[in-house]
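> Sequences listed follow chains A and B, in order. The first sequence begins at 1 in our numbering and counts up one residue at a time. The second sequence begins at 116 in our numbering and counts up one residue at a time.
If you are wondering where the hints come from, they were derived from the structure by calculation, not from laboratory data. Careful: at least some of the hints might be erroneous.
[Claimed, not checked] Using 16 Å as the maximum straight-line C-alpha spacing, the simulated EDC-like pairs for lysine to aspartate or glutamate come out as follows:
{"id": "1", "chain 1": "B", "residue 1": "K154", "chain 2": "B", "residue 2": "D196"}
{"id": "2", "chain 1": "A", "residue 1": "K19", "chain 2": "A", "residue 2": "D90"}
{"id": "3", "chain 1": "A", "residue 1": "K63", "chain 2": "B", "residue 2": "D116"}
{"id": "4", "chain 1": "B", "residue 1": "K165", "chain 2": "A", "residue 2": "E99"}
{"id": "5", "chain 1": "B", "residue 1": "K222", "chain 2": "B", "residue 2": "D197"}
{"id": "6", "chain 1": "A", "residue 1": "K63", "chain 2": "A", "residue 2": "E82"}
[Stated by the list, open to error] Where chain A lies over chain B, by a calculated footprint (3+ residues, C-beta under 8 Å):
{"id": "7", "region": "157 to 169"}
{"id": "8", "region": "206 to 212"}
[Stated by the list, open to error] Pair by pair, the computed Cβ-Cβ distance ranges are:
{"id": "9", "chain 1": "A", "residue 1": "K13", "chain 2": "B", "residue 2": "D132", "range": "41 to 49 Å"}
{"id": "10", "chain 1": "A", "residue 1": "T74", "chain 2": "B", "residue 2": "S171", "range": "21 to 29 Å"}
{"id": "11", "chain 1": "B", "residue 1": "S180", "chain 2": "A", "residue 2": "Q1", "range": "27 to 35 Å"}
{"id": "12", "chain 1": "B", "residue 1": "T125", "chain 2": "A", "residue 2": "A31", "range": "13 to 21 Å"}
{"id": "13", "chain 1": "B", "residue 1": "D116", "chain 2": "A", "residue 2": "R105", "range": "40 to 48 Å"}
{"id": "14", "chain 1": "B", "residue 1": "V130", "chain 2": "A", "residue 2": "G44", "range": "22 to 30 Å"}
{"id": "15", "chain 1": "B", "residue 1": "K154", "chain 2": "A", "residue 2": "D89", "range": "23 to 31 Å"}
{"id": "16", "chain 1": "A", "residue 1": "G44", "chain 2": "B", "residue 2": "V173", "range": "29 to 37 Å"}
{"id": "17", "chain 1": "A", "residue 1": "E82", "chain 2": "B", "residue 2": "G156", "range": "23 to 31 Å"}
{"id": "18", "chain 1": "B", "residue 1": "G131", "chain 2": "A", "residue 2": "T58", "range": "28 to 36 Å"}
{"id": "19", "chain 1": "A", "residue 1": "S55", "chain 2": "B", "residue 2": "V173", "range": "25 to 33 Å"}
{"id": "20", "chain 1": "B", "residue 1": "S192", "chain 2": "A", "residue 2": "T76", "range": "26 to 34 Å"}
{"id": "21", "chain 1": "A", "residue 1": "E99", "chain 2": "B", "residue 2": "D132", "range": "26 to 34 Å"}
{"id": "22", "chain 1": "A", "residue 1": "Q1", "chain 2": "B", "residue 2": "P174", "range": "32 to 40 Å"}
A virtual CB, placed ideally from N, CA and C, is assigned to each residue, including glycine.
What follows is the residue order along each chain.
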Amino acid sequence: QVQFVHSGAEVQKPGASVKVSCKASGYTFTAYYIHWVRQAPGQGLQWLGRINPKSGDTHHAQKFQGRVTMTTDTSTSTAYLELSSLRSDDTAMYYCARELRFDPRGQGTLVTVSS
Amino acid sequence: DIQMTQSPSTLSASVGDRVTITCRASQSIVTWLAWYQQKPGKAPQLLIYKASSLESEVPSRFSGSGSGTEFSLTISSLQPDDFATYYCQQYDAYPWTFGQGTKVEIK
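For reference, chain B alone in the conformation it holds in the complex (with noise of 0.2 Å):
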C-alpha cells in the first residue's frame, strides 16, 4: 500500500494568515493527489484534484502543488470558515489512502 505522510498534524493559525500543509507519498503518484476539507460530523468535501486542479466552487485562496512524491496545500488568507481538518488522498493505485490528517486551529 501507498503510505501518505502529512505534517504538521495540528497547526495553530490567525485569520488572514498563510497556511501551508504537507503531503508525502512512499512511491510516486505523479499527480494522482486530491485535498480534502472536513468539519466535524460532515463528509470530507473536495478541493484539489489531480494535484492542483481546484474543485468547482472553491475559493481561489486554496491551491495545490507538487508531483511524484512530495505535495502541499496553500491557503493564502485563512477564513474563519476555513477552520477544519484537511486530509491528503492518494488515487493512483488501489488501495486508495490518505493521509492522517492536519488540523488548523484558531490561535
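The following block holds chain A by itself, in its conformation from the complex (with noise of 0.2 Å):
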C-alpha cells in the first residue's frame, strides 16, 4: 500500500527557514511527481509546488517564488520541502501527495511559525 511517513511538527521563528520530510514506501518513487499541498488552521487546501523524482525538474506556485525549495533522495525514497523566510502565515499543516492521491491514514507534518 502506498504510505508516506511525514517528519514531526516544527516550531520556528519569523524569518526562520524550515524543512520537511515525507518518506514514501508501496511504489516505485521514481514513476510518479510528488506534490506539497499545505492547509493553514482552518482554512482550505493550497497548492505549493511538485517534484519529479527521477528527474528533480521542479515547479512551483508563483506565490512562493524564491522561499520553496523541493528535492528527494531516491536512495531513500524521501522528498524534502524547505520553505524560507517563514511568516506567521506560513503556519498550516504540510503534506507530500503521490500526484493526487494523500497518505491513505491521513498523516502531514505541522509548521507552526511564532516568536
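Put the two chains together into one complex; each comes in its own frame, and the hints tell you how they fit.
Listed below in C-alpha cells is the structure:
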C-alpha cells in the first residue's frame, strides 16, 4: 500500500527556514511526481509545487517564488520541502502526495511559525 | 491561475439524503478535476478523478460528473461516515487549485 511517513511537527520563528520530509513506500518512488499541499488552521487547501523524483525537475506556485525548495533522495524514497523567510501565515499542516493521492492514514507535518 | 468555485459552502443533510455539490472552473479544464473528502485533522482523501472516475475502494454511492467548467459530486444516500468537508481540485494547469470547500453537516 502506498504510504507516506512525514517528519515531526516543527516550531520556527519568523524569518527562519523549515525543512519537512515525507518518506514514501509501497511504490516505485521515481515513477510518480510528488506534490506538496498545505492547509492553514481552519482554511482550505493550497498547492505549493511538485517535483519529478527521477529528474529533479520542479514547478512551484508563483506565490512561493524564491522561498520554496523541493528536493528528493531517491536512495531513501524521501521528498523534502524547504520553506524560507517564514511568516506567521506559513503556519499550516504540510502534506505530500503522490500525484493526487495523499497518505491514506491522513498524515502530514504541522509547521508553526511563532515568535 | 484557474479559479475554482464550489457551492454551497455548507450543506445540512440527513442520513439517507441525496446530496450534490457543484464546482465551477474559471476556464475549461476538460475533465481534469478531482474530488476529495477531508475529515478534521486528516489529509484529504481522493474520491473521484478525471471528473467521473471512482477511486479504488471508494463506495459507489459517490459519483462525479461534468466537463469543461461545470462539475458536480453526488452522494446518492448519505451515510454517517460521509459528514466531512469536500473539495474539488483542478489539475489541468499549474498551479493546481482547489475550491474553497463544502462542509456537509448533520441536519
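> Is the hinted pair B/K154 and B/D196 satisfied, with a Cα-Cα distance of at most 16 Å?
Roughly 10 Å between the alpha carbons, so the hint for B/K154 and B/D196 holds.
> Could you see if the CB distance from B/G131 to A/T58 stays within 28 to 36 Å?
violated, 46 Å
> Can you confirm whether chain A covers the region 206 to 212 of chain B, using C-beta to C-beta distances below 8 Å and requiring at least three such residues?
holds (count 5)
> Taking the beta carbons of A/S55 and B/V173, is their distance inside 25 to 33 Å?
holds, 32 Å
> Taking 16 Å as the top limit, are the C-alpha atoms of A/K63 and A/E82 close enough?
holds, 15 Å
> Take a look at whether the Cβ-Cβ distance between A/Q1 and B/P174 falls inside 32 to 40 Å.
violated, 18 Å
> Going straight from one Cα to the other, do B/K222 and B/D197 come out at no more than 16 Å?
holds, 13 Å
> Check whether the Cα positions of A/K19 and A/D90 lie no farther apart than 16 Å.
Distance ~13 Å between A/K19 and A/D90 Cα, so the pair holds.
> Could you check the hint for me, namely that B/V130 and A/G44 are 22 to 30 Å apart, CB to CB?
holds, 26 Å
> Taking 16 Å as the top limit, are the C-alpha atoms of B/K165 and A/E99 close enough?
The hint holds at about 13 Å.
> Is 41 to 49 Å right for how far apart the beta carbons of A/K13 and B/D132 are?
At roughly 48 Å between Cβ atoms, B/D132 and A/K13 fall inside 41 to 49 Å, so the hint holds.
> Would you say the C-beta atoms of B/D116 and A/R105 sit inside 40 to 48 Å of each other?
The hinted range 40 to 48 Å is violated for B/D116 and A/R105, with Cβ atoms some 31 Å apart.
Violated hints for the displayed structure, listed by number in ascending order: 12, 13, 16, 18, 20 and 22.
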